[in-house]
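J.: So you can see what is in the structure, the chains are spelled out below.
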Amino acid sequence: MLAKALTGSNRYWGWIVLLLVVIGVGFSCYLWQLKEGLTVTGMSRDVSWGLYIGQFTFLVGVAASAVMLVLPYYLHNVKEFGRITVLGEFLAVAAIIMCLLFVIVDLGKPMRLLNMILYPTPNSLLFWDMVVLNGYLLLNIIIGWHVLEAEYKAVSPPRWLKPLIYLSIPWAVSIHTVTAFLYAGLPGRHYWLTALMAARFLASAFASGPALLILLCYILKKYAGFDPGRAAVQKLAGIVTYAMIVTVFFVALELFTAFYSQVPGHGMQSLQYLFVGLEGHRGMVPFMWVFVFLSALALVLLINPATRAREKTLLVACGSVFGALWIEKGLGLVIAGFIPNPFERVSEYAPTLPEVLITLGVWAAGLLVLTVLYRIVVAVKKESALGNEG
Amino acid sequence: MKIGAVGGLGLVFLPAVKGFAGSGALRDAAGAGSAVGRKWAMVVDMQKCWERGAECRDCILACHRAHNVPEIPDPEEEVKWVWTERFEHAFPEQVHEYLAEHLRDKPFLVLCNHCENPPCVRVCPTKATFKGDGGLVMMDYHRCLGCRYCMAACPYGARSFNFRDPRPYLRELNPAFPTREKGVVEKCNFCTERLEEGLPPACVEACPAKALVFGDLDDPSSEVRRILSASYTIVRKPELGTRPKVYYVINPGLGNSGGR
Ligand code: SF4
Ligand code: SF4
Chain C
28 MLAKALTGSN RYWGWIVLLL VVIGVGFSCY LWQLKEGLTV TGMSRDVSWG
78 LYIGQFTFLV GVAASAVMLV LPYYLHNVKE FGRITVLGEF LAVAAIIMCL
128 LFVIVDLGKP MRLLNMILYP TPNSLLFWDM VVLNGYLLLN IIIGWHVLEA
178 EYKAVSPPRW LKPLIYLSIP WAVSIHTVTA FLYAGLPGRH YWLTALMAAR
228 FLASAFASGP ALLILLCYIL KKYAGFDPGR AAVQKLAGIV TYAMIVTVFF
278 VALELFTAFY SQVPGHGMQS LQYLFVGLEG HRGMVPFMWV FVFLSALALV
328 LLINPATRAR EKTLLVACGS VFGALWIEKG LGLVIAGFIP NPFERVSEYA
378 PTLPEVLITL GVWAAGLLVL TVLYRIVVAV KKESALGNEG
Chain S
127 MKIGAVGGLG LVFLPAVKGF AGSGALRDAA GAGSAVGRKW AMVVDMQKCW
177 ERGAECRDCI LACHRAHNVP EIPDPEEEVK WVWTERFEHA FPEQVHEYLA
227 EHLRDKPFLV LCNHCENPPC VRVCPTKATF KGDGGLVMMD YHRCLGCRYC
277 MAACPYGARS FNFRDPRPYL RELNPAFPTR EKGVVEKCNF CTERLEEGLP
327 PACVEACPAK ALVFGDLDDP SSEVRRILSA SYTIVRKPEL GTRPKVYYVI
377 NPGLGNSGGR
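Sequences listed follow chains C and S, in order.
The numbering of the first sequence is our numbering, which starts it at 28 and goes up by one.
The numbering of the second sequence is our numbering, which starts it at 127 and goes up by one.
Just so you know, these hints were derived from the structure itself, not from any lab.
Beta carbons: idealized from backbone N, C-alpha and C, even for Gly.
It is possible that some hints are incorrect.
[What the hints assert, rightly or not] With a straight-line Cα cutoff of 25 Å, these simulated DMTMM-like cross-link-like pairs (lysine to aspartate or glutamate) come out:
| hint | chain 1 | residue 1 | chain 2 | residue 2 |
| --- | --- | --- | --- | --- |
| 1 | C | K62 | S | D291 |
| 2 | S | K232 | C | E371 |
| 3 | S | K308 | C | E375 |
| 4 | C | K62 | S | E202 |
[To be verified] Here are a few chain C residues that face chain S, going by a calculated C-beta distance under 7 Å:
| hint | residue |
| --- | --- |
| 5 | T66 |
| 6 | R72 |
| 7 | R139 |
| 8 | Y146 |
| 9 | T148 |
| 10 | L153 |
| 11 | L213 |
| 12 | P214 |
| 13 | G215 |
| 14 | F370 |
Based on the sequences and whatever the hints tell you, model everything.
T.: The following block contains the structure:
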């Protein structure tokens, strides 16, 4: 089956080469970072996590969202998703690989990574995050591969796979819950110290992940000649709509609690920093208003049944959801947690060029994995479709 | 090169504070070594410190020299174990607009609080940060991954990350203490290495005003306990439940300053 990845059009190969180039650039920047230290990034003693950990957090959500296909299909028999659950599972695989890479590039001493296994520390949530992320990666590789292989051989998937599929449902919830706990359990980081964090993470994950899937389905239809079907896309659009409404509602809850209570240490200062600036520091303000604009646009296009049904407007809505939540979670959440610092000073963060290139390199690596996996899926699907007709 | 060689020697401080004889109470800082400390703490009397004048940096210099703390010019990447902050920054939740001037504009010494309930220890995925004997919050520079989770967890900004190789930024080298590599976190260790030899922390020893007092909280007759029972003292951010063990005498003249 793997051999299918080695066949493809010129456009396919062009895309692969492009990704390899971006990976190469990112990797050389990473070698430089290894040599010089994290001084080549924009992080500081005050904002000690930045773009890398932001991407990690965002992508855990994308990975978890595969459950939004698996759960309806296997538990509620939503037939439309039958053709595309494997797309969700392979998206999860690619996203988790990116997550792990982002953690690695963020480490000061990556060669000591194994210390997490050599000295397991169950009181650390990072330890549990490692456990659940790797477990989820494995689950999705096994499930995705066997489901696809069964389709390839035109047999039904092995029976032992079912329990694993059921297991993957709570497991998906666990990866994003544990990731939220990384943040929500820290004293003194007011913006993160909220019981809503895990719920917020899950809601935004179930919006951004399926939104990305809709975009990917469109790309597959347009460029790979594989149509997941309008019904499946519309079902996904419904999920995105509800999840986006809940996400925006949760953000509004945070804003209410912070600003009505007027307790500075209830995230008020961080939210001020994000939306209006704090003590003259306004680095995130433009981004956050783009977030507001994109969220509003997405909600209008999604809630209105006519625009949700029309392909063009749905794509715009999904792009907006993805962009908005990338800003909110991949940038704002992490940075604002460090602002103000423990001394109530504001020191701002902006990523450096090498940092951005390394980030792009990791994204390209994830896209490469995704492209190869989807290439195989499409080839198998096309063949089995022919087989069915013939 | 020499620095590198030193850095390669035994960098790991074990938690065992082995140098103490098991008898006697710790009465004053200079006698730190004569007791088994089960709960080390520091009391900072800022009034005494200020009487020396704002230029005095003896404690900071002594600490940073003893521990090979680099002088990195970029404030964003600074490494520091002990330094000063104005009241409003050291105690941000305890300021108000009309705070007495003698508090507001004065520097307060800040360092790792060696919290009784340390969040940095709770989050570290490798036990590179751990609680050792005497309640000291310690670090193993050989095990640290540089994930910086502990920096996010510490509510006191007490931790520094080596964003670059610190060795070129050392003025002088203390061969008795390890240097660090780039990519690991570090912080005040309450001079574990000196406590092992029965010496008080370097900052305590260096302070010409005797403003820093070090001792055992579990010993009711220790000087730290005596000051704590006689003076109004505060700790940083008590509301977070970390239970810091660096105390600040706030209003001198209310019982403690005449007593010594
Ligand atoms: S002050 Fe910070 S670094 Fe020191 S023990 Fe407390 S939490 Fe840990
Ligand atoms: S940076 Fe080092 S000491 Fe801090 S949490 Fe990570 S491994 Fe532990």
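J.: Hints first: check each against the structure and report whether it holds.
T.: Structure-based check of each hint:
no.: 1; hint: K62(C) / D291(S); result: 9 Å, holds
no.: 2; hint: K232(S) / E371(C); result: 17 Å, holds
no.: 3; hint: K308(S) / E375(C); result: 23 Å, holds
no.: 4; hint: K62(C) / E202(S); result: 19 Å, holds
no.: 5; hint: T66; result: 4 Å, holds
no.: 6; hint: R72; result: 6 Å, holds
no.: 7; hint: R139; result: 5 Å, holds
no.: 8; hint: Y146; result: 5 Å, holds
no.: 9; hint: T148; result: 5 Å, holds
no.: 10; hint: L153; result: 4 Å, holds
no.: 11; hint: L213; result: 5 Å, holds
no.: 12; hint: P214; result: 4 Å, holds
no.: 13; hint: G215; result: 3 Å, holds
no.: 14; hint: F370; result: 4 Å, holds
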